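With the hints as constraints, model all of the structure from the sequences given.
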Amino acid sequence: MSERYQAFEILILRRMDGVYPLRAKGSGDTTYGGAMTAGVVDSLDADHWLEQALREPATMCELGGRLFGALFKQEILEGFRSELAAARALGLGLRLVLTVEPPELALLPWELLYDEGAEGFLARSAATPIVRHLSTRRSVRPPIQGNALRVLIALAEPKRLPPLGANYQEVHSIAQALSRGQIEVDVAPTLLLDRIGRGVRGVGAALRALFVGRGRVRVKLVEHATRSKLKNTLREAERAGQSYHIVHFIGHGASNESGGYLILEAKDGTPDPVPAEQVAELLDGTGVNMVFLNACASAREGEAGPDFYPFRGVAQACINLGIRAALAMQVDIVDRVAGEYAYEFYSSLADG
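For the record, in the sequence shown the residue sitting at position 101 is 654 according to the working numbering, with numbers rising by one throughout.
Each hint should be verified, as a subset may be incorrect.
Unchecked claim - Below are the DMTMM-like pairs computed for lysine to aspartate or glutamate, each with C-alpha atoms no more than 25 Å apart in a straight line:
| hint | residue 1 | residue 2 |
| --- | --- | --- |
| 1 | 820 | 776 |
| 2 | 578 | 669 |
| 3 | 782 | 837 |
| 4 | 626 | 570 |
| 5 | 820 | 834 |
| 6 | 578 | 657 |
| 7 | 820 | 789 |
Simulated from the structure, these hints should not be mistaken for laboratory data.
Since we're looking at a predicted model, the values are computed, not measured.
Following this line, the structure appears as structure tokens:
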């Protein structure tokens, strides 16, 4: 499958007269219209379905099928099939770009869209990746230039919260993925080894080789991440003209009626909840292109309400700041899955 794609954009508008209007656009500015009925959407209790799916994977197919049926109706479905066939005829993939305006619908796991009997899970196929799009009031930062890539891994493990022992496997997964290349990396592997433990001594050697064709890569680990540690590390790199392209956070996060937040560490090691807007402020002016937020609920926005502000989710706040991309979890994830996801993501980067 070619890495080049055409786009099929779907916009879900806010609720009007019991329905959610849909607008879609394919290649050549071809447009399609439709609507989702509020009753169908209201029946989708995503949290309940996802909890069931962890115990019975087949449930995930059923949830994905319901989401697909709610979104792809009549003209939209016909347009999707037509655009996908046209893209395949050209040797291209079809990227599904979703813009979800209603906050209550943004919480639904659209990444699970399941086309029964045809495409299966869309997001699992290289031919039909799914991307969420968020409008931003600020200009998007320019893409990474040149071959060098700099990654900052921030670990926060506050007292009185569950330990992150299992999450250190994720750091190992990152190291394994990046080791696919053959370029020396600037990093202190002993620091990782001491922190992660004897079970992953291969990390040191793995971190010495990276990214075929990319040039030198710097991977920096910030442990016991506090606001000041993160801010100073990012500012120093920016002043030196060596801004980090990716900030990867591993730790705890949550959301409530007031919005989303990450939990860093205070100076005394106790939890320091940082609201979404303040997380974005820490990254502002640092040149960061992308954030990877591996924290439970780190992509969840606050409870939807009449005065809901659409960028309260941490990922949303980062996009609103002008950061090009944000990867975040909408639900609690299994540690093994977090490690596997990190491995696949960084493997893709290593493959170019």
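Hint check:
no. : hint      : result
1   : 820 - 776 : 12 Å, holds
2   : 578 - 669 : 23 Å, holds
3   : 782 - 837 : 15 Å, holds
4   : 626 - 570 : 18 Å, holds
5   : 820 - 834 : 19 Å, holds
6   : 578 - 657 : 23 Å, holds
7   : 820 - 789 : 20 Å, holds
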